[in-house]
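Make a model of the complete structure from these sequences and hints.
So in UniProt numbering, spot 40 of the sequence shown is number 40, and the numbers just go up one at a time.
It is possible that some hints are incorrect.
[To be verified] Lysine to aspartate or glutamate pairs mimicking EDC-like chemistry, simulated, CA-CA at most 20 Å apart:
hint	residue 1	residue 2
1	Lys29	Glu229
2	Lys29	Glu236
3	Lys29	Asp222
4	Lys148	Glu159
5	Lys148	Glu164
6	Lys148	Glu200
7	Lys148	Asp172
8	Lys148	Asp210
9	Lys306	Asp280
10	Lys306	Glu200
What the hints contain is simulated information worked out from the structure, not anything from laboratory work.
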Amino acid sequence: MRSPLALATLPLLAATLLAQPLHAETRVKMLYTASAPNALAFVAQDQGFFQAHGLAVDLQLAQNISVIVPGVFSGSAQVGLTTATVAFQAIDNGLDLRAFATTNAFPDPSAAGLLVQPGSTIASAGDLAGQRIGVPGIGGLLDVVMRKWVLENGGDPAEIDIVEYSLPQTGDMLRAHQVDGVVTVDPFMSRALQDGAGREAGNIMSVIPDGTAGTLFVATADWAGHHPEAVAAMQEALEDALAFIRDHDAETRDSLARHTTLPPAVVAGMTLPAFSTHLDPERSLGFWNELAQEQRLISGPVDLAKVVIPYPAD
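This is the structure in structure tokens:
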């Protein structure tokens, strides 16, 4: 026979159990750089879509894309937002990475390109010989695309002095004459143009085929293999964010300004990227696979079907 005390505590115990979540949230540290396509992740965080799918995501700003993959493999973060060419180089060096979503796909209307100083005489790819050009990561998307654009337009990337810089320094690098030009993206390209720090000298993104993915969400194969529910939850949360963005321009720009620390007035005047989520191995990543081999960034083709974790319904 139960004691009166035990019977009295049953309602309290039941209420306590009901107040607890059925499943503990999976904690995910996510490294990102301050570029416009990453607004997909910012919106998923700010609008509670990650949390709604059982994820406690901690967004952490990285100053340069080159630190993201090492951060993921060191365990400093579980997920990183990086580019395909950077991911492929890591894979070629023996690191086992998986990509489970993208942020955007080309053609992309948001601003990205080559900026030079306002008074510069650079007018074509051939004029870049002997010039110092900043890129936000050697071997990253903007670097390899610029090199391909130069080759296809009569120049030689081997004759360019290419150096790394951090995207938030776009305007400062030009104003201080530390470089002759920079390859950059929004929101920093729009700000530099608005401030008169530079002028556009080339549409380097024209070499990218339609359907090609931009930034990728990546994790180690080990972490993804041990957390398939978390990967699927992030995919679902990003899909929710994509649907939200279509009808909530102001909120999207607010998230972009907050997580890039740029003034809202700058973000208000820029064109938003062509946000996307799903990855098709060949259509999304085939161009990057070929380009990485052309530029000898990798020793052979990456097994794209192995790298991509498809959405559950794909």
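Each hint tested on the structure:
1. With a C-alpha separation of about 16 Å, the suggested pair Lys29 and Glu229 falls inside the 20 Å cut-off, and the hint holds.
2. This hinted pair checks out: Lys29 and Glu236 have alpha carbons roughly 17 Å apart, not beyond 20 Å.
3. A hinted pair counts as satisfied when its Cα atoms are at most 20 Å apart, and Lys29 with Asp222 qualifies at roughly 16 Å.
4. The straight-line distance between the Cα atoms of Lys148 and Glu159 is roughly 13 Å, inside the 20 Å bound, and the hint therefore holds.
5. In summary, the hint linking Lys148 to Glu164 is supported, as the alpha carbons are separated by about 18 Å, within the 20 Å threshold.
6. Proximity of Lys148 to Glu200 is assessed by CA-CA distance (about 18 Å); at most 20 Å being required, the pair is judged to hold.
7. Proposed proximity of Lys148 and Asp172 is contradicted: the alpha carbons are some 26 Å apart, above 20 Å.
8. For the suggested pair Lys148 and Asp210, the alpha carbons sit about 16 Å apart, so the restraint of at most 20 Å is met.
9. Note on Lys306 and Asp280: the hinted pairing holds, with a Cα-Cα distance of about 12 Å set against a maximum of 20 Å.
10. Restraint check: the Cα-Cα separation between Lys306 and Glu200 comes to about 38 Å, which exceeds 20 Å; the hinted pair is violated.
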